[in-house]
Structures are given as structure tokens and as C-alpha cells.
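Just so you know, the protein sequences line up as chains A and B, in that order.
Residue 14 is where the first sequence starts when you use this note's numbering, and the numbers rise one by one after that.
Residue 14 is where the second sequence starts when you use this note's numbering, and the numbers rise one by one after that.
Watch out, some of these pointers could steer you wrong.
If chains are identical, the list can't say which one is meant, so a pair holds when it fits in one copy or spans any two.
Said to hold, decoys possible - Below, in silico cross-link-like pairs of lysine-lysine (DSSO-like), each with a Cα-Cα straight-line distance of 27 Å or less:
#	residue 1	residue 2
1	Lys-32	Lys-44
2	Lys-83	Lys-32
3	Lys-25	Lys-83
Keep in mind that the hints were calculated from the coordinates and are not lab data.
There are 2 protein chains.
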Amino acid sequence: MNTMNVTNMFGKNIRRLRKLRGLSQEALADKAGLHRTYIGSVERGERNITLVNAERIANALDVHITDCLKEEK
Amino acid sequence: MNTMNVTNMFGKNIRRLRKLRGLSQEALADKAGLHRTYIGSVERGERNITLVNAERIANALDVHITDCLKEEK
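Could you put together the complete structure from these sequences and hints?
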């Protein structure tokens, strides 16, 4: 259905939203209760993360999980 | 952010969409390339599934993954 792989799309969106909020990977990781290197690999689309971790990251960015899974216009 | 757990919300949505399409769990499983018992446990919110499998199920239901992650009105 999507041309872009879902893990890549999620990673691109959270990187974009994190930068928009002026957060470092470390600051986002702290807010989400995850490790900085984990956030880095998620942003690069390298991890097939679970819905629960995806929601934790979305919550830390103050967005709904669906906002991290939309193709940017 | 959500009152309902993300895995429960996903499960409820895919059960609703599957029934709307008149598909059995087995038929959906076949379309998605997954096992029927796996679909059953996902529908019951028992599995913290990955983005890739969530998208496979959404594709088999002809919806976008975000349609499976919205709280039903």
C-alpha cells in the first residue's frame, strides 16, 4: 500500500517531529524511557518496533501514534 | 495519551474491519501471510505486534495502518 517502508516512514516522522520540538535524541529517549542509541536506530528505520514502543515515542513527542505513520505531504 | 491500550485498540479495529469485509480470521490470515491463531490473539489485544506485521494486516484489509490505530467514534 505504501511506497515507503513503514519503519522508514515512522523513523523519518519521529526525526522530523523531534527536531521541530528542539529535542536531542537523548532528550527524547529520556522522555520515552528508551535508550538514545535505540532512538537513533528507530529514526534510521532500522528497527521493526512494536506498537507499544511506537506509542511511547509518540507520547513523548506529544502526538498521536497515527501522526508518526503518515506519509508527509 | 490514549485511554485504551494501543494493542487493544488495534485488535478491536482489525476485528471490526475484518467482519465488515465478511472475512473469517483464517481468510484474513491467508491474505496477510500470517497464522489464524496469531490473528486471533492480535484481535484480543494480546500481542504487542510490530509495525511491519501491523501493516501486513492493514494491507490485507485494504486500509492504511493509521485506520487501525484510531479510536472508534
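Hints broken by the structure, by number, lowest first?
none
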